[in-house]
Each structure stands twice: as C-alpha cells, then as structure tokens.
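Assemble chain B onto chain A, guided by the hints.
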Amino acid sequence: MKLFFIAMGVAMILMVYTPRPSQAELYFGDALLLSEQPPSGHGGDHGKQGRRGSAQGHAEHRATAERTWYLNRHDLHTGAEARVLRSDGSQAAGVLTHGKDGWSFIVDTKPLDGSLDGVFTLSVIDRAVSDGILTVRAPKVNMINHSCGWGHTFKFDQERIKPKIDAALPLEIVAENLWDRNFHSKTMSGDRLVVQVLRYGKPAPNAAVSFTTGSGWTRTVAADEEGKASVQLIRDYYPETWSLFDARKQSTVLVTAVVEAPEKGAYLGQSYTRTRLVATLPWRYVPQRSEYTSSVYGLGIAALFAVASGAGIYAYRERRKRPCREVTFDERT
Amino acid sequence: MNALRRFLNNGDINRFRLWFQLGAFGLLIYGGFLAMDIGNSLPTFSCVFVDSRAGACYLYPLQHQVNMPWSQFSGGRGIGLAVGLVTFFLFFVLFNKAWCGYACPLGTVQDWITKLRARLGIRYSLYANETFGRLKAIKYVLLALLILLPLGISNSLFGLPKLPRDLATSYCMICPGRTVLPLFTGDASQLAIDFSSRTMMALTGLGMAITGGFFAGAFVKKRFFCLFCPMSALQYAFSKAGLLRLTKQGAKCTRCGNCSRVCDVGIREIADDVTSRNIVQDDCMMCFKCVAACPESHCLAVTFLGMPVYEATAEGFMRRTKRRDNHG
Numbered sequence: 011m012k013l014f015f016i017a018m019g020v021a022m023i024l025m026v027y028t029p030r031p032s033q034a035e036l037y038f039g040d041a042l043l044l045s046e047q048p049p050s051g052h053g054g055d056h057g058k059q060g061r062r063g064s065a066q067g068h069a070e071h072r073a074t075a076e077r078t079w080y081l082n083r084h085d086l087h088t089g090a091e092a093r094v095l096r097s098d099g100s101q102a103a104g105v106l107t108h109g110k111d112g113w114s115f116i117v118d119t120k121p122l123d124g125s126l127d128g129v130f131t132l133s134v135i136d137r138a139v140s141d142g143i144l145t146v147r148a149p150k151v152n153m154i155n156h157s158c159g160w161g162h163t164f165k166f167d168q169e170r171i172k173p174k175i176d177a178a179l180p181l182e183i184v185a186e187n188l189w190d191r192n193f194h195s196k197t198m199s200g201d202r203l204v205v206q207v208l209r210y211g212k213p214a215p216n217a218a219v220s221f222t223t224g225s226g227w228t229r230t231v232a233a234d235e236e237g238k239a240s241v242q243l244i245r246d247y248y249p250e251t252w253s254l255f256d257a258r259k260q261s262t263v264l265v266t267a268v269v270e271a272p273e274k275g276a277y278l279g280q281s282y283t284r285t286r287l288v289a290t291l292p293w294r295y296v297p298q299r300s301e302y303t304s305s306v307y308g309l310g311i312a313a314l315f316a317v318a319s320g321a322g323i324y325a326y327r328e329r330r331k332r333p334c335r336e337v338t339f340d341e342r343t
Numbered sequence: 143m144n145a146l147r148r149f150l151n152n153g154d155i156n157r158f159r160l161w162f163q164l165g166a167f168g169l170l171i172y173g174g175f176l177a178m179d180i181g182n183s184l185p186t187f188s189c190v191f192v193d194s195r196a197g198a199c200y201l202y203p204l205q206h207q208v209n210m211p212w213s214q215f216s217g218g219r220g221i222g223l224a225v226g227l228v229t230f231f232l233f234f235v236l237f238n239k240a241w242c243g244y245a246c247p248l249g250t251v252q253d254w255i256t257k258l259r260a261r262l263g264i265r266y267s268l269y270a271n272e273t274f275g276r277l278k279a280i281k282y283v284l285l286a287l288l289i290l291l292p293l294g295i296s297n298s299l300f301g302l303p304k305l306p307r308d309l310a311t312s313y314c315m316i317c318p319g320r321t322v323l324p325l326f327t328g329d330a331s332q333l334a335i336d337f338s339s340r341t342m343m344a345l346t347g348l349g350m351a352i353t354g355g356f357f358a359g360a361f362v363k364k365r366f367f368c369l370f371c372p373m374s375a376l377q378y379a380f381s382k383a384g385l386l387r388l389t390k391q392g393a394k395c396t397r398c399g400n401c402s403r404v405c406d407v408g409i410r411e412i413a414d415d416v417t418s419r420n421i422v423q424d425d426c427m428m429c430f431k432c433v434a435a436c437p438e439s440h441c442l443a444v445t446f447l448g449m450p451v452y453e454a455t456a457e458g459f460m461r462r463t464k465r466r467d468n469h470g
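Chains A and B, in that order, are what the protein sequence lines are. Going by this note's numbering, the first residue of the first sequence is number 11, and it counts up by one from there. Going by this note's numbering, the first residue of the second sequence is number 143, and it counts up by one from there.
Treat the hints with caution; some may be incorrect.
Said to hold, decoys possible - Some chain B residues close to chain A (C-beta under 7 Å, calculated; not the full set):
1) 335
2) 337
3) 350
4) 357
Claimed, not checked - Covered stretches of chain A (in silico footprint by chain B; criterion: 3 or more residues with CB under 8 Å from a CB of chain B, positions within the stretch not fixed):
5) 157-170
6) 254-261
7) 314-323
Hints are computed from structural coordinates only; laboratory data are not their basis. Beta carbons are placed, not taken as given, at the ideal position from N, Cα and C, and that holds for glycine.
Here chain B stands alone, though its shape is the one from the complex:
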C-alpha cells in the first residue's frame, strides 16, 4: 500500500492530466458516435450544439427548465427541474471542480492554445490582484442572468413585461463553447450572426465578439475564460459537498508561493491561506498542479472521501523537478 502511495505521489500529475483531458475531450465531443449518452446534467461544457456529444452541459437544460410560470414550479415540470439539479449535483459531487480541470472540453481547448503560445515563446499574462478580484465577480452576474432571463420569459419579474422568447438560452448564445466546440466536428454553422430578431442579433453578435476575445485572451492568459465561467460559479455553490477535495495543512506551509505561481487561474489564496483545511476556491479547477509543485510533505493533498489519493511530498517534488530538468 505504501509502495502504491509512493508511486502515486511521485507521479507526474500534469502528464496524467494531459492524457486524461484528451480522453475526456474525445469522449464528450465524439462519444455520440459510439451511442454514448451520459445525460443532460453534466457539470462541464459538453456543448449541446455539438451533435455527436456524449452528454450535455447542464446550463442548457437549466435555462430551459427555469423557463416556466411560477405555478408550474410545484408541478411536474418543477419535479423535472429538481431531478435535473439533483442529477447535476450527483455528477458534480463525485469529482468536484476537477470536472473543470480534467473534463471540460473548452478548458482543454484553452490549454492547447496555452501550449501553442508557450511553443511560440510568447510570455503569458497575469492579472493584478485587484483586477482578479473584480473580474471574478462576472461569473456570478452571468449565472444570475442565466437563471433570471429565462425565468422572465414566462413570468413578469419585478413588474416588468415578459421578456422575448429568444432569451431562452441566452447564455449559450454568448458562450464560446457554442461557437468553438462544434468546429471539432466540422460544423462551422454557429460562427454566424442571427438576424432573425434584434434579440438574436444582439446575442449572437455578442457571442461572436466574445469568441474573438476568447481566442485572444486564451492565447496570453492561461484558462482565460474560466474566470468568467458561470458553470464554475454554479459548481462552487455545491463545492463544499464534493467527495474529491483539495486540502492543506497550514502548519506545514512555508509560504514559498510555488503553488500560487503554477496556478493557471492565478489563485493567490492557495499560498496565503494557512488556516483553511479545504482550500478549494471558486476559481479553482482542481488541476492539482499546486500539489505537484509543493515541496513540503503532506502540506497539500488531494483526498477522496477523506482518504489521500495524491499528496505533496519532498521526494515527489524532487523527482518531478529532476524529470523536468532532464527534459529541458
């Protein structure tokens, strides 16, 4: 058992993640060709606009399901909404925010763009602490709009008139997942402006602008879009219940800052917080790069149901450093 644990702790999580992401991408984007259907409540961007997907991102059915009159929330459709939410929760609770770091196809595309930038020798950008704090609020605004807009189609909110039906899946219309992911199946039909109504024109126009910004942003900033992702905000609401956790023993932390420096999202708290046990932040995608970069034994650990599955060890850190040095 100890030998197995040592083997895991000395392992290269980044390489494992690279192959896992590739497999997850293939599964979620092309799994439909193998008649795979994991359901409509996946806590990751398995976009419904990809025809050959193996499952659907929960944000799309969520927008559909909340688009109903108040009176129906207590009826069959309300049960449908609850079932969807519970299914999402069950999927999510298993792997927590590792859905973002390991399974999200849009996240994987961003990582590929990052690799391209690194190959070209262009340096990456970081947000200032203050900017980071301001930008991260956007995902909560998007999540609120994502629920309120469809709700406002079937109901009069705050005494306002009902909203146009074209806002039914408003977030999907501006999500880069809709425009980017179908390209991997040869479908470029989403790269268009829909002039059928002013609402659609505004949404698809904004969507294309965001797509342009997505490519430029992801090129210079690692996991650029994840900071604005409403799925990340929704996930964080349930994150405390996750069976997979990232834990920290503050007493063993020397605040060297390695963990924060390797973080693709740029979370500072991972280094600064020496009091919390559960260290998962709302922007964390649980890639566990921080664990691999931590030189202090048992300071950072990945646990599943309280059992450590991958821990920071001095030996593992040294081995990974040596391996990286050997590979240039």
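In isolation and in its complexed conformation, chain A is listed as follows:
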C-alpha cells in the first residue's frame, strides 16, 4: 500500500509542465492551398493545433456541425468554384465567401448521426487566362468527418477512409493510406507518402510532382504511367532540446502537381494556346513513434519488477517457513 502511494507520488512529481514551442509559420511559395488556418495565421474557428491524431488542426474525434476552410491567397478569379465530395460519395454545395480572413468556405457535415462518417474531399477550381495561357489552380484537401462517439461502424469499410476521386477536377492529387482503420491519421515521418495525379479522373503520367515540407525542403519527381509518385517523408522537426520535444507536433508537407499542355481554347471570352494546371494537397505528419519510444527500456522495467516481485514473494514464503517443532510428552509425568 505504502509502495503504491510512493510510486504514485513520484509519478506525479515527474509530471511537470513541459513548455511547448510556438507554431512556426510555414511558407509554400505562391501555391494556392486550403487550410483550416486563415492566411493571417491566427484565429480561425478551430485553430487548435497539435492534438494527438489531429490531421488538419481539428480534433478528429469530435463531431462538428460545420467546418470552415480558408485559402491562403486572396487572388481568386471570377468563376472560381468550390466542390465538396462527401464520404458517402454524394456531392454537396460549396460556397466561397470573402471576408476579413480572406477566401473561405464552410463545409456542412450534418447530419451528425455518423451516417457521413469518413473522408470528405474539398476542392476549389480557379481559372484565369493571362498572356495566352490558361492557368487552372485546383487546391484540394481531405477532411475526416468522424467522432469516436459514433462508434467505428465503418472500421473495415476501406471505402470510407479512401478519398473519393472527383472526376470533375481538371487536376487532382489523390493520396493513399492517410488514416488507420479507426479513422485516425497515421502518417509519420519516415513513412512513404504515395500520391496519384489524375486529370479529370484519369492518370496524368509525367506530371511534375513536388513534395515540400514546412521548413522548405523540396523534392520533385515525375509521375509514372499510372500518375503515381511517392516520397519518404523526412523528419522535419528538430526541437532545440529534448524537453521541448512534442510527439504531437505536426510537420506539414505540401504536394504540388503541375501539368502543362499545348491546348487551345477560350475561357470567358479570352483565348489561350497553352494550359497550365496546378493542383495542391497539404498533409501533416507526426514524428515516428520509434523516435521517442523504447521497448528495451520498457521490457527492462517490466522484467525488473517481475523478477523483484517474484523474488520478494519467494523470500517472504521462505521466511514464513518454520522448522517442525516436535512436542514430546513424557507419559510418565
């Protein structure tokens, strides 16, 4: 009993507060991308960063009636449209609005009964013609709409955690295996991020695919015949001291795909002779578990306590063994 309370006391003393580093600002050049953080970098409806299992800044485990997403740039053109593809495959209206936080659109996630449990695909299409070139920007993001309170009915339904392909998108990046079966984001540093670039739902071979981390590390590869490209996510998080280490720290990777083609046509009365399609997909990843866990220490402690307990019990039993005391009576007395 005493040992238990001493152990609990020591544990409580050890649980001191560890200061967390502030979120560093991330720059991804002039790429147009969707984020739950407004361009100002602070505020927003749900700016809670760093929850364990949170992929997009949101707690993945709680149902919310609506989610607001922001574009990082203000220069959207006339005719820009937002698209929402829900987890059950149905299309929902996406309305772009411009306010003090720039361009945003609100995603309706109702009904909150678990029937829409799964991945939503949100995208924006922005077109403009300049110098005879039609530039189409198609930022996209995958959002998990999940509450553990709904249970895990779709645990073994891979379709629910597989991002739906939006065949109406001029250029789209589709990432694989972003969530585990419990609908928690599972990407860690060291994992291989595999994406497929699609043009109107069909593979876009040779598309230039760039993977850029928040610290600016970039790797560009050409998509293969199936439009697939991959990169091993590098560790992009080096706190100054170990006491500042945060296992929930989300490093960001931005996937950008570019396809250029000598296509002629006209858009809103302006003719063009070339098209340039740019799609983006941001994702976050946390430090690899093996970076901060040790099975050797774990098993060592367990073995030590098992052996110590066993030895203690053995010693206790031995101590209680009493030599046989034969009592003899002298019958004559």
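Chain B alone, transformed into the frame defined by chain A:
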C-alpha cells in the same frame, strides 16, 4: 421445469465459465475481424489498444469525455458523457459484476496464469484479512484519479494550474490491459516507454512496472489485479441495480467457509455475513464458484430478475465433488 432446474443446479459452473470466458475473450479481442462493434461503453476490459476488438472498455471514453471545461458539461458534450454513462449502466445492469468473472479478457488471462501455476504445482498466496482491507481501497483511489486527472486538464481544480494533456488517458497508460491484451493480436508496440514528455515517460514507465508486477502477482495470487481494478469500483456504484444477483439465505448457512475458501478474490464476507440477502461485494466478480461449493440447499443462489437460475443444492454439491474426485 423442475428437471431443468435440477439439471442446472447439478451442473459444473466452473467448466461452463471456462468455455464462456474463452468465447468472450475471442469475441472481445478478435470480434472486430467479424465487423462486430458492441460500442464504446463496455463494463469490461475490452481494450481500445487492441485494434481488432469488438467493443471498447468504458474507462477510455470516460476519461476522454470528462476532459472538458465545466461550461460544456451542460452542453452537447455533457449529453455525450451522460449517454455514455447510461449505455454503460444498461450494459452493466444486465449481468452485474459477472462482466468481470465471465467476460473480462484481462481476468481471463489471469485465470490462465493461475492454471499454469497450478499445473506447475506451486501453491497460491492469500492476503491477510487486514492487508486485504487496505489493498482494496486502491481501486477507489485509481477511480478518483481516473476522473479527476482528465477533469484537471480542461479545468483548474482547487486553484491549481491545469494539468498536462498527456494525462488525458492516464489510467490506460498504467493499465496492464493496454500492454498485455494487444499481445494476443501480435502487437507488442505497447511494451515500451514513451520518452516524448516527462508525463508520458512517468506514466508508461509506471505502466511497464505494473505489467511486470501483474505477471508476478497473477502467478501467485488468483485474480491479483482485480483487487486494484477501478472498473470494479465503478461497477460497484451500480451493483445494487443489477438484474443478475448473488443472494444468500443466512438462516441456511452453517458457516462452513467453503464459499470463502474457493473465492479467487478472497472475500471473507461471503461466509461471515448471514444477514444480508444481496451478498455481492465490491471485489466480487460473480464467478459463482461459491454457489457451486456450497453444500446447503438454497443457501446461495444466482437470481436474474428475482428468479433463481443457479442454486446451491446438496445434490449438486455431492455430484460436483464426486465428479472432481473421479477426475483426480
């Protein structure tokens, strides 16, 4: 009807329990592979760290759900907490503490360790009455911490600063269920110390120490961990409402002590208490070994909604004794 009742009363509850436990273990640990999902409010250690589980132990969502500011208790999240608690109650009220004796995977693992010890011919240990009384208080301390720590993350308790977020599921971090049960699905990743923060390091370190103690303790003491289990403490809060009950007619008790001697947990009151009708104690796991060991007809009985489903009878006792003697 009488023939059926006689058949049941003469039955071997221990053998029934052995197979029931095996089935429950398979269901709760591997049921997910069959797309089974019984919910997140189970009154038993169906550990959330087992990926293929068929349902989740209520202590995990409870810790999650109480981790909210006071202001939200009256809102939607408060309703979520209430729904979870009511669901837990409904599950629990059906089988009362038999969830521990018949369904708990961690309890089943302890019973398997006990069988191994018996096979090896090593004698078991018992607590002295005084020690037993002191140790049983630990589960209430753990239950209180299990609720207060997550509550202290979102709120300032007693004027203290808010607690670190890593304490969100503090009990699960020290529970041997987290480290032991995933092993049955080939997942040894929980057998590790998490160095990501001092809190996690302390919790996982304590968890591994408890895991070591769990194996050593369960080897020499039957149902070693059950005496410290906060789920048992939480269950006892609702036990009086259980539809399944263990009852005693004190007038028929001769205080032979058979019931107490066969009790895996080591409850003395089952023999000593001749006044209470409902004899379920906070440490009781309703395994009903005591009923099987009672030689006095209708002294101990298992009832469901007041109807006896398994009763102690002199005939049943003799038959079980003879069967045991025949099997050595």
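Against the structure, the hints come out as follows:
1. 335: Holds. Min distance 4 Å.
2. 337: Hint holds; residue 337 (chain B) Cβ to chain A Cβ min 5 Å, cut 7 Å.
3. 350: With a minimum Cβ separation of about 4 Å from chain A (threshold 7 Å), the hint on residue 350 (chain B) holds.
4. 357: holds (5 Å)
5. 157-170: With 7 residues closer than 8 Å to chain B, the segment 157-170 of chain A meets the three-residue bar; holds.
6. 254-261: Held - the segment 254-261 of chain A has 3 residues with a Cβ nearer than 8 Å to chain B, which meets the minimum of three.
7. 314-323: Coverage by chain B holds here, the residue count being 8 at a Cβ distance below 8 Å.
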